[in-house]
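> Protein chains in written order, with my numbering: chain U, 1 to 172; chain P, 1 to 780; chain Z, 1 to 158; chain C, 1 to 288.
Derived from the structure by calculation, the hints contain no laboratory data. All residues carry an ideal CB built from backbone N, CA and C; glycine is no exception. Any given hint could turn out to be false.
[Claimed, not checked] Partial list, computed: chain U residues near chain P (C-beta under 7 angstroms): (1) GLY57; (2) SER60; (3) LYS62; (4) VAL77; (5) MET87; (6) GLY115; (7) GLN119; (8) GLN122.
[To be verified] In the SDA-like style, the derived pairs of lysine to any residue whose C-alpha atoms are separated by at most 20 angstroms in a straight line are: (9) U:LYS106 - C:ARG44; (10) U:LYS56 - P:VAL8; (11) C:LYS90 - C:ALA61; (12) U:LYS62 - P:LEU664; (13) U:LYS2 - P:VAL31; (14) P:LYS100 - U:GLY115; (15) P:LYS231 - P:THR267; (16) U:LYS68 - U:SER54; (17) C:LYS228 - C:ALA244; (18) U:LYS83 - P:SER53; (19) U:LYS62 - P:PRO132; (20) U:LYS83 - P:THR267; (21) U:LYS56 - C:ARG44; (22) P:LYS58 - U:LYS2; (23) U:LYS56 - C:ILE154.
[Said to hold, decoys possible] Label-pair restraints from in silico Cβ distances: (24) Z:GLU70 - C:GLY208: 50 to 56 angstroms; (25) C:ALA49 - Z:ASP15: 17 to 23 angstroms; (26) C:SER13 - Z:GLU70: 47 to 53 angstroms; (27) U:LYS62 - Z:GLU70: 53 to 59 angstroms; (28) U:ASP18 - C:ASP27: 34 to 40 angstroms.
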Amino acid sequence: MKLSGEQVLSAPRERVWDLFNNPERLSKLIPGCEKLDVLGPDEYGGTINVGVASVKGIYSGKLKLEDKRAPEHYKMVVDGKGKQGFMRGSGTLDLEAKDRNLTVVKYNGDVQIGGPLVQVGQRVIDSAAKMMLGQFFAAADAELKAEAAGTVARQGIFINFWRWLVRLLSGK
Amino acid sequence: MAVIPKFVGERIKRREDPRLITGTGMYVDDVRLPGMLSAVVLRSPHAHAKINSIDLSKARALKGVVCVLSGDDLRDKVGPVPCVAPADHVPYHPVLAQGKVRFVGEGVAVAVASSPYIAQDALDLIDVDYDPLDAVVDPEKALEPGAPVLHEEFGNNSVTFASVPNPAVDEAMRKADKIIKARLVNQRLAPIPMEPRGAVARWDGGYKQLTVWSSTQIPHLLRSQLAEMLKVGENRIRVIAPEVGGGFGCKLNVYAEEALVAHLSMTLGKPVKWIERRRENFAGTTHGRDQITYLEVAALKDGTVTAVKAHFVCDMGAYLQLLTPAIPGFSGLMMTGCYKIPALSFDQQMVFTNKMSTDAYRGAGRPEACYIAERVMDMVAAEFGLDPADVRRKNFIPKEAFPAPTAGGLVYDSGDYELSLNKALEIVGYQKVRAEQEAARKQGRYIGIGIASYVEICGIGPSALLPPKLKGGGWESATIRMEPDCKVTVLTGVSPHGQGQETTFAQIVADELGIDIDDVNVVHGDTAVVQYGIGTFGSRGTTVGGPALMMSVGKLQEKMKKIASTMMEVPPDQLIFTNRTVALASDPSKSIPLQQVVDAAYGYKQPIPGVEPGLDATSFYEPQNCTFPFGTHVAVVEVDPETGVVKFLRYVAVDDCGRILSPLLVEGQVHGGIAQGIAQALYEEVVYDESGQLLTATLMDYAVPKAHMLPRYELSATVTPSPVNVLGVKGVGEAGTIGSTPCVVSAVMDALKPFGIRHIDMPLKPEKVWRAIRDAQQKG
Amino acid sequence: MRLSLTINGERREDDIDPRTLLVHYLRDIAGLTGTHVGCETSLCGACTVHLNGHAVKSCTVLAVQAEGAEITTIEGLARGGQLHPLQEGFWEEHGLQCGYCTPGMIMAAADLLARNRNPTETQIREALEGNLCRCTGYQHIINAIQSAAAKMRTQKAA
Amino acid sequence: MFPASFEYHRASSVKEALAMLQQYGEDGKILAGGHSLIPMMKLRLAQPAHLVDIGGIRQLASIREEGGKVIIGGLVTHHAVERSDVVRAKLGMLSECAAVIGDTQVRNRGTIGGSLAHADPAADYPAAVLALDGEIKIEGTGGSRVVKADDFFIDLMTTAVQPGEVLTEVAFAPVASGAGFTYLKHRQPASGFAMVGVAALLTLDKKGNCDRVRVGITGLGAKPFRAKAVEAALLGKAPAPAIAAAAAHAADGIDPLSDIHASADFRAELARVYTRRALETAAARAKA
């Protein structure tokens, strides 16, 4: 599965870079992320509880950051598995300063998904991945805005985040 | 006393049906034994990976779990899954993966518990640490240097390379008016019997007796292979094929799970059942077809085809199942179809890929061949602007030429191909439909008329045609037993699973012995009851099993005539069997009841010189040749150019399967065959993604056709008896499948002719058709 | 958990695990193995039974959902030793080969004929959307249903 | 084929169901007809710890008319919608749509509430509910609220129903007499789901111009949607010449799904073709 696109985040490039390199903050932005431990330099181990509708599962795996060029580029290598399937792949993230307070994030990845999940869910997996990416960037944007406003990022972000997203998307 | 009618040739209600329409037939999942355990298999989610470790401890600790094993636990305990067909590279095929997995769905571990629910719970607790490797799913890429190698010991992914050269082909190419080149794909298909596979094993330690119930087409061949895998004598194994819910070739095999449940029962001392689930069936039961053919055809302007040259790339999958590398051979040999093409050469490269093995699937090699032959005829017609029916007529083997030797080295037994073509065209009203097509085109509607004349190879067959390593040849066996009460038991070595030989064979016996069909009981599928037999595949049930039965009937008749002859004081050769009597042929009113003859044989109060007591006979029939059924199918379709959807307007099939014993059953076989052939043409395809993930793993994504996706079939027949066997029958189990696929493709291509489209690879899904039209329009 | 229901006219009570699918309950606990399992995705229809008079796929119903319900399976279709017209139709018209899909096919057809006494061929084909047969190519099944429908109309009229 | 263990709870009222959902939180799932959830449980892709069965709540299983609206309970089966005289008379498109969902067995068991709450991107009902401007009633422990169909579908299998809430009914204003409508679908051959499904409804003014156009499309994107560009392009115009041009906007702004059955391109094309055909049928049926 190829995933590519771009998102605009409301913060200067350095701040976005900081956020994307901070496992503790990052863990709150990744949909369903239950923990993200530092295993070594630029290497993390974590558990996420994600899914769509009733199909939810716990996946554990590793995330490595390579080819880092602050504050503009890194490559992310992921390898995770759960009872419902596995995910392997890599992708690049490029940050471009659009103006003083806006950063364009370009992502380009190739992910291999396997196991029972793909056997029954192939028709929606692309959309599910896009939806989660959307959630991630929406949360990142909210986090960056909150940071600029000096407030503390919300805890228990996953549930709150759903509610927030619902409001956002339903225009209320 | 009422006169007993004749049964052969009548539309008889099937004798197997009463139990099946009331839910009382017993399929393997219906077997219930005291203390029976359930086994569930954990399967690889990876197409290619090294197994670093497997942790079974949590699964073993679960309440209700009796046993959990992985491949390493079975080393040296259960022999490999067999392949009897010759190949250069036959890999070791463990019943559960050892060290490495090579396709999605390969068995990795098994859990045995008191219920399948708990066994499944146990599987969820198994932790396998895999090291994923690059996978290769495209057979042509698998041959490239640097491709991931499945079996390192062979150094590359070649299974075998076979070549049948012929210098006459090059000569014909030089003289041709045109050399037509094409690349044709027979896509990978899944057989999908409605009943998935399953096996139950019970080891009786005291009696040292293993009983295996398996949903199989070949109980005796399975017994032989199990004996070898388990190191148990064949005289200690009883295989029972209970009611089998369809096979279509995928149960003409020996699978890991059959040996696995047997081993588990032997070690646990309890009966063990394994029932395949549909996802396992998609991933781990043999697939069919998956051949790419590069063709060169030498043709003359008048439509004569003078030579065909082909290069095949055949995808075998990750391992070789029972007959995997033997299947493509039929495609090569039968590639000249009904036509007197004088020169043929081909080679076949068979390849390992990270997919499930291919093997026999309804037609097994012949649908591919027929598809090639019929596409050739259509391409020649298109090339020279000729009528596709005329091109076929031009090239047909004439009826005077039979028995007809072919360029593939076979000898076709009998046929009249032009008769069947003419009859099919007459039924469809060919000229009228052509006129309608023309009129429709003017209104922007796209109607197409497709023709396919097929010949196939059935009644397999002379034993020399079967692989040398197969225990058992191409013969078949039958026992007939006249019981003391004048009822007849037939034991047949074939193993029907829907074909209806319980009926057909009863018809034959009733007529031959002058008794009622209700007096005959046909028994099959139990190796403890039935003498060694080969089984049901290759449209051989009636074609080979029938003559075997006729031999036994003859022996029994001879004995009964001898007995009656002494009782009636007339020479035996003047006696016939009619209306439950043995009667004088010249005056049937002079007769004695059959029961008296039977009493004499069993009671034996007055010994008859030269006649032993009892009344039974066993025969093993070795056919001298295969049979070659043929026919012509014609389809009329309409293509919606906006959506690419293909709609059937007519479907006419004229089949010739030799003498027809059971017209209703023959119709049923043809219908089902046509449906599966249409499915290949329009709907079905096994899809793996580039990394080897199976994307058609359920019936939600693999389009087995539903009732509304198929046309009403208009059937007719010609009858050209086969000289090969005493019944004159040719076989009909696969014919429909073989004729219909090229017929439908031909019809769609004919509809698309105004767009200049000559070929689209199957399945002709709406998107492919739509895209071809769009591309053609953009070009034009 | 306690489950009580009526199967083919007989009341039953059983203690079951709530996760038991109705099809497994019917086959493994009630011992009615005429209802078959052919897929995992509620598609093939081999497991079709009637729940309170309507055809359902018993692989997609939890047994506990059938609490208090009336279930009819293929074993309950023949009455007093007399085959149901659909059973006769399938037999007479060769509407089955391997027989595996047949019980579900007959139960689905019974649902159709209960609401449409005289279905056209197209209506029958559409009504069988939820039942797969791999052997017959469907034509003899359609003939069987039409033959049964005709028989049932005459029986009603008589 | 063998679901994982769970605890089963039978709710006899919406209030009781809500209390149970509150008690089990994230671990609790509602079971209605079960035709979305049970398949996932059989494959063990869904493993809820608690199932709250609302199947026995009788008042959710009826169709009634109230305040000039037709109100369909969340537990009403597709079959019941298809056969309801009221629905046929006043919401013809909904019964037309219900008749082509899944297959007979699925329609006998599947419910409108389950289908809408699950929001499968290829489900049929959402297209019709969008075109009919359905209003969906959702109850929670804090009371009930009504969400318009336009606001109900949020993303892939994500709706306005929050965890702990129950979709109880769907209300529709009857279709104006003289309106023309249809639901047309291109079936995915294996599953029978909509590869693309288009619900089109239009009414004509005295001059024969379209004065109300509603087009709901399912199967094309991650969520069902109203094709507003199509509607706008047709509004106020005579159908015959305008439909083709309007239908060309059917996939505007949508990121189409893509799978082994149909690429994004082809799905978009199907959406345009089926939208045109659905509108042509609707126009032919409409009375000025």
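> All hints, please: hold or fail.
Right, here's what the structure says about each hint:
Violation of the interface hint for GLY57 (chain U) is found here, the shortest Cβ-Cβ separation to chain P being roughly 11 angstroms, above the 7 angstroms cut-off. Given the 7 angstroms rule on beta carbons, the hint for SER60 (chain U) is violated: about 11 angstroms separates it from the nearest Cβ of chain P. Checking LYS62 (chain U) against chain P: minimum C-beta separation of about 13 angstroms lies over 7 angstroms; hint violated. Given the 7 angstroms rule on beta carbons, the hint for VAL77 (chain U) is violated: about 13 angstroms separates it from the nearest Cβ of chain P.
Checking MET87 (chain U) against chain P by beta carbon gives a least distance of about 11 angstroms; that is not within 7 angstroms, so the hint is violated. Hint status for GLY115 (chain U): holds, given a least beta-carbon distance of 4 angstroms to chain P, under 7 angstroms. Hint on GLN119 (chain U) holds. Least Cβ distance to chain P is approximately 4 angstroms, under the 7 angstroms limit. The interface hint given for GLN122 (chain U) is met, as the beta carbon of that residue sits about 5 angstroms from the closest beta carbon of chain P, less than 7 angstroms.
Taking the CA atoms of LYS106 (chain U) and ARG44 (chain C), the gap is near 36 angstroms; set against the 20 angstroms cutoff, the hint is violated. Distance check on the hinted pair: LYS56 (chain U) and VAL8 (chain P) sit about 60 angstroms apart at the alpha-carbon level, beyond 20 angstroms; violated. Taking the CA atoms of LYS90 (chain C) and ALA61 (chain C), the gap is near 19 angstroms; set against the 20 angstroms cutoff, the hint holds. Of the pairs offered as hints, the one joining LYS62 (chain U) and LEU664 (chain P) is violated, with about 63 angstroms between alpha carbons and a cut-off of 20 angstroms exceeded.
Taking the CA atoms of LYS2 (chain U) and VAL31 (chain P), the gap is about 48 angstroms. The hint is violated against a cut of 20 angstroms. The hinted pair formed by LYS100 (chain P) and GLY115 (chain U) meets the criterion: a straight-line CA distance of about 17 angstroms does not exceed 20 angstroms. Only pairs whose Cα atoms come within 20 angstroms are accepted, and LYS231 (chain P) paired with THR267 (chain P) is accepted, the gap being roughly 14 angstroms. A distance of roughly 37 angstroms separates the Cα atoms of LYS68 (chain U) and SER54 (chain U); the hinted pair therefore is violated under the 20 angstroms criterion.
Under the criterion of a C-alpha separation no larger than 20 angstroms, the hint pairing LYS228 (chain C) with ALA244 (chain C) is consistent with the structure, at around 15 angstroms. In summary, the hint linking LYS83 (chain U) to SER53 (chain P) is supported, as the alpha carbons are separated by about 16 angstroms, within the 20 angstroms threshold. Simply put, LYS62 (chain U) and PRO132 (chain P) have alpha-carbon atoms about 15 angstroms apart, close enough for the 20 angstroms limit, and the pair holds. For a cut-off of 20 angstroms, the pair hint linking LYS83 (chain U) to THR267 (chain P) is broken: about 29 angstroms separates their Cα positions.
With a C-alpha separation of about 10 angstroms, the suggested pair LYS56 (chain U) and ARG44 (chain C) falls inside the 20 angstroms cut-off, and the hint holds. As the CA atoms of LYS58 (chain P) and LYS2 (chain U) are separated by approximately 37 angstroms, the hinted pair breaks the 20 angstroms bound. Pair hint LYS56 (chain U) plus ILE154 (chain C) holds up; C-alpha atoms about 18 angstroms apart against a cutoff of 20 angstroms. Between GLU70 (chain Z) and GLY208 (chain C) the Cβ separation comes to about 53 angstroms, which falls inside the hinted range of 50 to 56 angstroms.
About 21 angstroms separates the C-beta atoms of ALA49 (chain C) and ASP15 (chain Z), a value consistent with the hinted range of 17 to 23 angstroms. Distance hint check for SER13 (chain C) and GLU70 (chain Z): the Cβ-Cβ separation is about 24 angstroms, which falls outside the suggested range of 47 to 53 angstroms. For the hinted restraint 53 to 59 angstroms between LYS62 (chain U) and GLU70 (chain Z), the CB-CB distance of approximately 55 angstroms keeps it satisfied. A hinted range of 34 to 40 angstroms holds for the C-beta pair ASP18 (chain U) and ASP27 (chain C), which are about 36 angstroms apart.
Of the numbered hints stated above, those contradicted by the structure are hints 1, 2, 3, 4, 5, 9, 10, 12, 13, 16, 20, 22, 26, listed in ascending order.
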